[in-house]
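Student: Sequence:
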Amino acid sequence: MKFGKVSVEELDQLDLSLPADHPDTRKVLEQQNKSQPKVYAGCAKWGRKEWVGNLYPEGTKEKDFLDHYVKHFNAIELNSTFYGTRKVVAEAWSRKAVEGFKFCPKFFRTISHYKRLKGAEEVTEAFMYIMNSFGDNLGPSFLQLPDNFTPTKFPELEHFVAALPRDYLMAVELRHTGWFTDQTASDELFHMMTENGKSMVITDTAGRRDCVHQRLTSNLAFIRFNGYDLHQSDYTRMDEWVDRIAQWVDTGLENIYFFAHQDDEAHTPATCDYFIKSINKKLNLNIKTPQFIH
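For the sequence shown, position 199 (counting from the first letter as 1) is numbered 199 according to our numbering, and the numbering increases by one without interruption.
Keep in mind that the hints were calculated from the coordinates and are not lab data. Take these hints with a grain of salt, some might be off.
Here are the simulated distance ranges between beta carbons [to be verified]:
#: 1; residue 1: E99; residue 2: Y168; range: 15 to 23 Å
#: 2; residue 1: Q247; residue 2: K61; range: 41 to 49 Å
#: 3; residue 1: K71; residue 2: K2; range: 36 to 44 Å
#: 4; residue 1: S35; residue 2: H191; range: 23 to 31 Å
#: 5; residue 1: S35; residue 2: T110; range: 34 to 42 Å
#: 6; residue 1: V89; residue 2: K34; range: 36 to 44 Å
#: 7; residue 1: V123; residue 2: Q32; range: 45 to 53 Å
#: 8; residue 1: E91; residue 2: P146; range: 37 to 45 Å
#: 9; residue 1: E99; residue 2: H191; range: 33 to 41 Å
#: 10; residue 1: L66; residue 2: T236; range: 28 to 36 Å
#: 11; residue 1: T150; residue 2: D67; range: 40 to 48 Å
#: 12; residue 1: S35; residue 2: Y235; range: 28 to 36 Å
Only pairs whose alpha carbons sit at most 27 Å apart, straight line, appear in this in silico DSSO-like list of lysine-lysine [as the list claims (entries may be wrong)]:
#: 13; residue 1: K96; residue 2: K45
#: 14; residue 1: K27; residue 2: K282
#: 15; residue 1: K38; residue 2: K71
#: 16; residue 1: K38; residue 2: K281
#: 17; residue 1: K282; residue 2: K34
#: 18; residue 1: K45; residue 2: K63
#: 19; residue 1: K2; residue 2: K34
#: 20; residue 1: K71; residue 2: K61
#: 21; residue 1: K71; residue 2: K87
Model, not experiment: these values are computed from the prediction. Here a beta-carbon is modelled for each residue, glycine too, at the ideal position from N, C-alpha and C.
Input sequences plus hints: build the corresponding full structure.
Tutor: Given below as C-alpha cells:
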C-alpha cells in the first residue's frame, strides 16, 4: 500500500505514536454490550510466491495458496474484488474457508472510482449478491474512495451508505485531507456513519497521520496497517495498537479487524504473527498464528 509512504530517513524523524481518541469514540463504545471480543487479523493477499517454502510447503501451486492461507490466518483483506469478480469465483473461494474465517472484500472500483457512488445502485446490488456467497465467512466489506473524493461529495456518500441494509457490515476509507482537517465536514461525516451503524477505516500510514483519526462509529474497528518491512517502528506501532485496542475492548468494542501491508510482501506474515501473538497475550485470546516452516 503506497498511500502515505515516506522514506526510511523521513520515518526516523516522524512521531508515529497513536493520537488520543476522539471523545465520540468512548460515547459510541459505551453504548455497546460488553462481550468477548472477536479479533481478526491477516494479509491483503494470499497469492504470494515469496511465502512458498516459508509459510506454504515447498512446491505449493498458486491455485492452492488459499487452501494453505486459511490454515494460518482467520481473515483476509480481499483487495482483488476491487477489479471485479464473478459469483462462481466467490463460491469457489468460500468452499476453501474454514469455520470462523472471514473474507473482507473491497467494493468494486466501478462503484467507488468510476461511478463515484452516483447511479451505482445496480452494481452495488450485484456486489452484495456475489459477496453473500461467502455466507457466514463474510466479514465487513470496505469501500475505498479515491484521493480526490472531497467533502463536497458528502451527499453522494450519505445516500450510498443510507441505502445499504442496516445489518450489512461495511467500512469506508477516505483519503482526501478535507474529511479530517475541516471540522464541520468531519463531524458531519462521522455523525452520519454513526447514525447508519457503519464503520470508518483507520489507515495507519506514516505520511498521513490525519487518517489515524481514532474516531469509532460502531462496535467494529477496521485497521489497515502499513509497515516498513519490519523496521523497529513497525513493532513499536503495533505495541501501541495492542494497548489501544485493549482499551477499546474494555470500553465496549466487540469486533476488531487488523490487516497488515508491507512493500515487501515477504514480511507480511511475520507482521501479522507479531500482532496476533501480542493481542493474544494482552486480551487472553487464542487466535491462530502462522506456522512457519522455518
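Student: With reference to the structure, classify each hint as holding or not holding.
Tutor: Here's how the hints hold up against the structure:
In this structure, E99 and Y168 meet the distance hint of 15 to 23 Å, their C-beta atoms being roughly 22 Å apart. Judged by the Cβ atoms, the range 41 to 49 Å given for Q247 and K61 holds: they are separated by roughly 43 Å. For K71 and K2, the Cβ-Cβ distance of about 30 Å falls outside the hinted range of 36 to 44 Å, so the restraint is violated. Restraint check, S35 to H191: a C-beta distance of roughly 25 Å satisfies the suggested window 23 to 31 Å.
At about 37 Å, the beta-carbon gap between S35 and T110 stays in the expected band of 34 to 42 Å. At roughly 39 Å, the beta-carbon separation of V89 and K34 lies within the given 36 to 44 Å, and the hint holds. Between V123 and Q32 the C-beta distance comes to about 33 Å, which lies outside the given range of 45 to 53 Å. Between E91 and P146 the beta carbons are some 30 Å apart, a value that contradicts the proposed interval 37 to 45 Å.
Separated by about 37 Å at the C-beta atoms, E99 and H191 satisfy the suggested range of 33 to 41 Å. Distance hint check: the CB atoms of L66 and T236 are about 32 Å apart, consistent with the given range 28 to 36 Å. Between T150 and D67 the Cβ separation comes to about 43 Å, which falls inside the hinted range of 40 to 48 Å. In this structure, S35 and Y235 meet the distance hint of 28 to 36 Å, their C-beta atoms being roughly 30 Å apart.
Restraint check for K96 and K45: the C-alpha separation of about 15 Å stays at or below 27 Å, so the hint holds. Note on K27 and K282: the hinted pairing holds, with a Cα-Cα distance of about 24 Å set against a maximum of 27 Å. The straight-line distance between the Cα atoms of K38 and K71 is roughly 18 Å, inside the 27 Å bound, and the hint therefore holds. A C-alpha spacing of about 14 Å is found between K38 and K281, which places the hinted pair at or below 27 Å, so the restraint holds.
A distance of roughly 17 Å separates the Cα atoms of K282 and K34; the hinted pair therefore holds under the 27 Å criterion. Taking the CA atoms of K45 and K63, the gap is about 13 Å. The hint holds against a cut of 27 Å. About 36 Å separates the Cα atoms of K2 and K34, which puts this hinted pair outside 27 Å; it is violated. The suggested pairing of K71 with K61 holds, with an alpha-carbon distance near 16 Å, which does not exceed 27 Å.
Straight-line distance between C-alpha atoms of K71 and K87 comes to about 24 Å, which keeps the hinted pair within the 27 Å bound.
In summary, the numbered hints that this structure violates are 3, 7, 8, 19.
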